[in-house]
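Peer 1: All you need for my numbering is the position in the sequence shown, starting with 1, plus 1.
It cannot be assumed that every hint is accurate.
Unchecked claim - Label pairs and their calculated CB-CB ranges:
(1) THR542 with GLN513: 19 to 29 Å
(2) TRP117 with SER353: 31 to 41 Å
(3) ARG406 with ARG723: 21 to 31 Å
Keep in mind that the hints were calculated from the coordinates and are not lab data. We put the CB at the ideal spot given by N, CA and C, even for glycine.
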Amino acid sequence: MKKIELAIDGMHCASCATLITRSLEKVPGVKLANVNYGTQKARVEFDEKAANESQLIQAVEKRGYRASLDSSPERETQIRTHEIAQLQRELLIGALLSVPALIVGMFLMELSYREWILFALATPVQFYVGRHFYLGAWTALQNRTASMDTLIALGTSAAYFYSVASLFGLVQEQYFEVGAILITLVVLGKYLEAVAKRKTSEAIRKLMDLSPKTARVMRGKEEIEIPLSEVQLNDLIVVRPGERIPVDGVIVSGQTSIDESMITGESIPVEKKKGSGVIGGTINLAGNITFKATGIGKNTVLARIVQLVEEAQGGKADIQRFADQVSAVFVPVVIAIAIITFIGWIALGQASFSFALITSVSVLVIACPCALGLATPTAIMVGTGLGAENGILIKGAEVLETMHRIDTLVFDKTGTITQGKPIVTDFQAIGKTNSKEILSIIAGLEEKSEHPLARAVVEYAKSEEVAAAPIKDFIAVFGKGVMGVYRTHSYVLGNPRFLAEKGVALKEAESQMTQWEHDGKTVIGLGSGKRVLGIIGIADTIKPTAAQAIAELKRQHKEVWLITGDNERTAKAIAAQVGISNVFAHVLPEQKAEYVKRLQHDRKKVAFVGDGINDAPALAQADLGIAMGSGTDIAIEAGDVVLMRSDPYDVILALKLGKATMDKIKHGMFWALIYNIIGIPIAAGLLYPFTGWLLSPMIAGGAMALSSVSVVGNALLLRRMRLRNKKEEKI
């Protein structure tokens, strides 16, 4: 299955997005199509053997829209700019013609040739400024559906052609100014909406602007400046103080400190030296460095972050699908209500033809599914953008919807609650064995291991100036330990349970091991035959914000668990330090997902928080996978949410952002629905017999435009949200 993104031009409202989605879904081989009116993009998943990009583009173009494979932020900016400029022009023409028409129609009753002057003013507005509504209505009619354009085209055409009849004395009243003002008001609403939507994509533009346009690379012994697009893998790139890092890489010479705040949200500069990784878009603060390019183009961390944000902004939550379903049936229902309104007033015999016409036109005009369709995508665009600016990457619209339902969080220990950089705190040879020889054998075994604890042991041996013994027949037992042969003797190294499984008697070391475990240390031992030869205590320091994060989650009545492969004593000691009372211990990496399932079987909504390196199954199993960004590339693939700062407290901020975004979506949908529930009956004249209140089409048009703008504006208020309050900024 292949996934692509198409840029769509020509969508007028949420109904257009629904129409294009249906058209794409009808293409043979298409598994999933998601068209987002807010981002003007379509994401399509299809079988390459059954369909291709050209067929998908043709399916869109057959419906009267335009599609392109170029969905880059630059192109989006161009489209937005062109759209706004065109709407500005049409708004200006509409205002220059409709305002005089309003004055003539409402106040200059005795003006000579009044009706013909109004005809001259209203006609360009009706058929030039309002041409998009006719095109949209025609496209919808071809596809046996209806859209917002249908409502506007029907309403204004009824007023216009009824007025044309007055020119020839067929009827007495004219409503030229009504149609002209109405179209101008709708265009004003669309203009304000387009300006607001442009603001929602600022997060992506800001991220894209982080990359410099050129890079200084070594060609032989010369430094030459080339466009960023010409940088190749393994190029040596020179960066001076104050310059941005152009691509991802690894430093080969020099040392410096780098401001990575735009990627991680962490304001403190990070010290870098030979062997350290650097991320494209970050700022070199101190020294000259030369680094080897390891990630270019779409394979940089920054490019992948941009892609994630775009995908999240283009995704649909269940609440959006509900809005789409409502919008799909909304327009036909409104047309039916307008017809019933017209026939009803005529049938009552107490209203004139013009009164019935005006009320039915008002119904058509005030009912707009756009506000409903805009509520979700706009809030999602703002929410995901705000998250990206704060080092919190949200990988889908549906993720935001899940976040606010989480009631249970499971934290992995290493790299999540702890720094993930364990150090050896204790070493003891057992019995009369040579301590340096025992440490040498341990180092030799760990030197061949890829376990995080192994590196700590090897570093400890080096600090003690003990060389690693040459080990033969090395075997690693995942999650338990390692085995090997040295000088004809077989050795086993691992956790106490593994040693016991291999028949090693631990009685001599049991007291010391128990004490270390009570202190929260991980204990590994070396055995040969039935004898234990040495034990090592390893500790991993707690992250500074872990305790505050757990305390805040408890304050919010969330259930919190710690999961680790450590024994129960060590696990409980670490948990106690951060305030966690629920512990899963002795858990192998591949078993973590099973423990998540246990909680889910109890009808809990579970978030798993891990470092993204060996936690992928658990992250996938959980209702919400939150990955620490310390692994960067791996973490980005693993979690639904990626915390680029690798800070446990950012879990709080991510949940806070999810709740705020969902609140905005619900507020927007509530007001959009209430607006229509109240507005349509008033427009139909339901209150007229009792109060004399009647909603004119002009007021209805203004209210309709205002409803869309208010929904977008409400979502944009999310941008003002301070994700970190003053207290949290100090944490």
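Peer 1: Taking the hints in turn, state whether each one holds.
Peer 2: Each hint tested on the structure:
1. THR542 with GLN513: 19 to 29 Å: Given about 22 Å between the Cβ atoms, the range holds.
2. TRP117 with SER353: 31 to 41 Å: Given about 24 Å between the Cβ atoms, the range is violated.
3. ARG406 with ARG723: 21 to 31 Å: 24 Å, holds
Hint compliance for this structure: hint 2 alone is broken.
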